[in-house]
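A.B. asks: Construct all of the structure, not just a fragment, from the sequences and the given hints.
Chains as they are written, first to last, in full-length UniProt numbering: chain F, 1 to 391; chain L, 1 to 391; chain V, 1 to 391; chain D, 1 to 391.
FYI, nobody ran anything at the bench for these hints, they're computed from the structure.
Which copy is meant is left open, so a pair is good if it fits within one copy or across any two.
Below are the EDC-like pairs computed for lysine to aspartate or glutamate, each with C-alpha atoms no more than 20 Å apart in a straight line:
id: 1; residue 1: Lys-239; residue 2: Glu-207
id: 2; residue 1: Lys-239; residue 2: Asp-157
id: 3; residue 1: Lys-105; residue 2: Asp-331
id: 4; residue 1: Lys-105; residue 2: Glu-378
id: 5; residue 1: Lys-119; residue 2: Glu-164
id: 6; residue 1: Lys-8; residue 2: Asp-279
id: 7; residue 1: Lys-8; residue 2: Asp-358
id: 8; residue 1: Lys-105; residue 2: Asp-122
id: 9; residue 1: Lys-8; residue 2: Asp-319
id: 10; residue 1: Lys-85; residue 2: Asp-132
4 protein chains.
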Amino acid sequence: MIDLSDLKAVKEALRAQRIETPSWAFGNSGTRFKVFAQRGVPRSPEEKIADAATVHRFTGIAPSVALHIPWDRVDDYGALTRYAKDLGVEIGAINTNVFQDDDYKLGSVTNPDPGIRRKATDHLLEAISIMDATGSRDLKLWFSDGLNYPGQDDLRDRQDRLAEALRETYDRLGDHQRILLEYKLFEPAFYATDVPDWGTSYAHCVELGPKATVCIDTGHHAPGTNIEFIVAFLLRQGKLGAFDFNSRFYADDDLMAGAADPFQLFRIMYEIVRAGALDPSYGINFMLDQCHNIEAKIPAVIRSVLNVQEATAKALLVDRDALRAAQRAGDVLGANAVLMDAFNTDVRPLLAELRTEDGLDPDPVAAYHRSGYQQRIEAERADGQQAGWGA
Amino acid sequence: MIDLSDLKAVKEALRAQRIETPSWAFGNSGTRFKVFAQRGVPRSPEEKIADAATVHRFTGIAPSVALHIPWDRVDDYGALTRYAKDLGVEIGAINTNVFQDDDYKLGSVTNPDPGIRRKATDHLLEAISIMDATGSRDLKLWFSDGLNYPGQDDLRDRQDRLAEALRETYDRLGDHQRILLEYKLFEPAFYATDVPDWGTSYAHCVELGPKATVCIDTGHHAPGTNIEFIVAFLLRQGKLGAFDFNSRFYADDDLMAGAADPFQLFRIMYEIVRAGALDPSYGINFMLDQCHNIEAKIPAVIRSVLNVQEATAKALLVDRDALRAAQRAGDVLGANAVLMDAFNTDVRPLLAELRTEDGLDPDPVAAYHRSGYQQRIEAERADGQQAGWGA
Amino acid sequence: MIDLSDLKAVKEALRAQRIETPSWAFGNSGTRFKVFAQRGVPRSPEEKIADAATVHRFTGIAPSVALHIPWDRVDDYGALTRYAKDLGVEIGAINTNVFQDDDYKLGSVTNPDPGIRRKATDHLLEAISIMDATGSRDLKLWFSDGLNYPGQDDLRDRQDRLAEALRETYDRLGDHQRILLEYKLFEPAFYATDVPDWGTSYAHCVELGPKATVCIDTGHHAPGTNIEFIVAFLLRQGKLGAFDFNSRFYADDDLMAGAADPFQLFRIMYEIVRAGALDPSYGINFMLDQCHNIEAKIPAVIRSVLNVQEATAKALLVDRDALRAAQRAGDVLGANAVLMDAFNTDVRPLLAELRTEDGLDPDPVAAYHRSGYQQRIEAERADGQQAGWGA
Amino acid sequence: MIDLSDLKAVKEALRAQRIETPSWAFGNSGTRFKVFAQRGVPRSPEEKIADAATVHRFTGIAPSVALHIPWDRVDDYGALTRYAKDLGVEIGAINTNVFQDDDYKLGSVTNPDPGIRRKATDHLLEAISIMDATGSRDLKLWFSDGLNYPGQDDLRDRQDRLAEALRETYDRLGDHQRILLEYKLFEPAFYATDVPDWGTSYAHCVELGPKATVCIDTGHHAPGTNIEFIVAFLLRQGKLGAFDFNSRFYADDDLMAGAADPFQLFRIMYEIVRAGALDPSYGINFMLDQCHNIEAKIPAVIRSVLNVQEATAKALLVDRDALRAAQRAGDVLGANAVLMDAFNTDVRPLLAELRTEDGLDPDPVAAYHRSGYQQRIEAERADGQQAGWGA
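C.D. replies: Given below as structure tokens:
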């Protein structure tokens, strides 16, 4: 089993880890069948940021929060940025939304109507202006564009339109800004999506240039897809820009990261560690993208952050010398055993110790429940319009 | 190829075919991301029925419409039934809805809270009362009940609760009434659903008794599932009660029947024909259950009815003597060729002829577009609250 | 976290656990592309049994070995049984093989040719005679029967033929014998299999009677299938007879149990523990069914046994009172956390302690490697015809 | 419906179509469970070529045959090429095989052992030498390389090794030669394959240069993958080099093309037609890659060629002006209807007419059966060693 005697390097790596939370995880969400409202849900971008700051306060590794435009639209993004900073967090990625306007029924940047494409691209450019104001580095692009029926539109023409919009957006990026291009197999388009897989995203990013990178949402793949392979491959190509972490059993379920297949999350984080890509200086944005439809939202985000952290700790514990030796020797069982040894290790005591050393409560979920924050927001936010996916 | 010289029996079978349309297909629908409203959408159960009657007027084989409670709740179901009859259609299956009340966040009839289970079961009993008033035979039960996370509730306890609610409902059925128990692999519950597959539905139906049968929704299966096998098996067991036809490429996409895999629809209808189960007297309710999120709704329902009809016509054209002979001889290619010969036949001229003989327009979609109905409803229904999935 | 202070009951449960190993796991196996031979592979049923006994010697919980007829055909099954007993193991389930004779190209018990059906059923009856000689309780039936092409044969006729063969076989069973009816979604038949899912197996078993039960092979499901649901459901119905444990990432990969998704294996074992079905007296046969195509075979079987044991230990550590309380309270996160707490616990120290108490080496894999057994069989079995899947 | 009055252009396009048959489809094949031998199966490369020439004689559009090395290894490839030419066919793609030598248990060009990598790469270079002799343009590379267990080897190191072998192979290509790099999701490796998807193949091909292109095997995708999207995308990128056509219901079933989902095959061929890529001058090699495990082999290949031809004819019948108009107008149902109109057309009379005009029998399968060829080869090839997948 793992030698736990010298864990200093592991702890340092864990201390440097950064996970970005999504503002929308704190708002109401649901399925096409029903959105179940919860008590204490934020009514404004500021309240979402306050919740994100709370997650950071208890976990210590979630110091930024992604915004979603227009859900988080405000008049003064500079003020919002300062508000966040005062609470101890930064504004992270800016997420665009070109799927909730009636005009986008048949697509946004790939719509057959050039006027609608113009409108959609203008929204992307607006998002970059917001980034200028917030100091954000990352423009996250997810397009719901696609087809429900064969023949509905021309698959190839849509790629031309997509490339054109991406190019215009790319050219608008500032020096320290970049595009994260997300892909998704299906939903809300059912027959074809215009960026269905990592290959499509990758090919566009290569053509765009160095400031365009792929974003892997862990829930956006076909059954049987080996996600850690994609991670390893994109790292090798220098084109992995970000993760949207979440869990899925079947489709894009957007459950808590690590909830459905903790072994998969560990394998993903191992590829990150193996590539030296965990440190923020490497440039990967490790984001959550989740919907807490039936469970309490803030504890669910805390739990998700901890799940990623635990998977990371296990990945850091892999005895890489032993692994490499077994791999080189063709020792299938031996190599697998080295990996499993780390996965089977209970890292919770180590992480509790780390937190204590850093002045955090060793059990962030319990600490949150004891803190009274939940009771307070349920009281303070009893009135008004709760935030959700509606524009 | 198929001998088209003596098609009298085929035409008679096609004349007897009945497809039930769903009231909710005429209302607005969408995904969790967006519901795109359409012009001319009904604002009341009566207007949905009028649209269903329009579909029947042009197709000639859609003489009943399923209701969904509470979406189609009215004060006087007798009056609604007469209204429908005056328009030439009957009220078909009554669909229950125990997934849109806030109480049902953690389940309805399988909820850990007995009070909520009581409320849910009462709704099922209420639906039977509505059936008494409408003269409906079929109570369709679909439960969104399930779990998003492992451990969230006890899988087996929930089966006990489900069985209890089903028993009470079953015992309330009148002599000529029956339960159609639908199953679904996932959504809106993501980790486990309480009736995930045909086996679960079948086992409960067998225990309930002869008035409980399985409803196959063609979009509710795991990838790779052979649906026509399930059809054939349930027919053999005498437990196939109904279909919810629709198409899917990935999940429960609810696209037009026959749009994603017309060959599959043909294979399903072949098993029906082979079992002599096409005729209404056999007792199978051939329903559509679809969402026309981006396409015009009434033409989409007409198209779907025609797709089922075309698949049926092809199934009726299978040379069953030749097929049986090839099967018995172990002639793999020969047997497959007999089936494919029917599938490859263009049955549209035959169906056009059939319609002309029966006083229908040979091209129902074109006839609808020429009829002015769409323009009229867009004008008449410009105001008011459009119907949708909201309660 | 789990209170490890009073683990006596957990240890007793673990001591009673029994896992059955398959004789064929010790022989050569592969894919359609290539069978890679390994050194030291058995050349006879006796040598396979010796390997199985070795696995038991190091793990302490694998005291029986399943045979596969005709791969393990011998002249004197009584002698083989005594041979096994002398080595400390018993003969377990008898597996039938009606897929490797040229006659079975188009099926065995469902073949359109009655003569071939007769031959196949006779093989099943012969297997019961072998059970009489070995004292085996379980007749495992897996049929490769199915279709590659639509129309190739009649789906429903094949069910009639299947039922007939099963009935004749069932009626031949002795008082203490039973049928384990396995299901499989696909392979080697690609379009349809005659027992594709648990529902089909269950329906046949119910009709056969109490001595027919379902066998769950964990690799035989469609993507996205919730296996623990099936476990829980069949336990409730009293129809779960056995497991074939193995791992799969995509199809029926037959990898080591617990290697692909250890969390899933834990959830399955939790349903067993929750139902009180772990003890051998309950009657479930926990078998492995694996192919060690590229890894060393005996260590792979040991590893698989340990993986099931570790999953079981974690399942036994679930705080069921706390779980039930959280479930009843509708505390989604709390209930999930109780389950995850057990899964995240490192049970290897506990199991090492258990083994030491019972006179076993705390690390069975290491002990095997130190034992010299592998070197010995590689030397002793250098000549002759290695066992594999060939008849 | 389609206007069939001016079909001259359609017929010309169909006359120019070329489909390449695989030599191994005429030999025995099977699953890991059993290879069922058939009567009349070739015993040599020459006899396979004779069968391929027979397929061409009856279909008129299959004038080349792909070889597989070492299955089709001969001493004199020049003589083999002349032999083929005398029979009316050409030698097509050369397929490499680096998966059946014991050395390749843990991989070929990605093996951790540099000596084995050298051996594997040498085989690829040898295949180019064979191409020099046969005049073949296409080197088809499929690697079974991959992992069965997490940790077994380093995912990223394997990419480096793959890139190195590809580079050396690429540099050896003659001016008119090129690489077709195939991808496959799984099998025979179960956890990870080294070229799992089109994105991986594409990225390597881009780095290699213009003589490296992607080969799409229609059976090598995850469930739910939209293959025609990949076709359209690769055509846009100029990187689609070839198809391996076959059908699958679940995994890589290698059934007859068009047998499982004829609508999908039509959609694929529509993208080809839409891009003007059907003509041989465009450079795409339309190959079959199939296994006729239980059905008669030559008729199955004829049937597959006809299925591709029928799908192509339907694709050519799409009214592209009407389609484009409906697409541009956002008429979802209208655009879909244009596509479906072509799909629903029975093109068999048209193809029969085409064949008659060209001096072929209008029904190639029936003509084959009448020809006596099957009886002759069954008599002539009664002795000797039948060809199969064994080296």
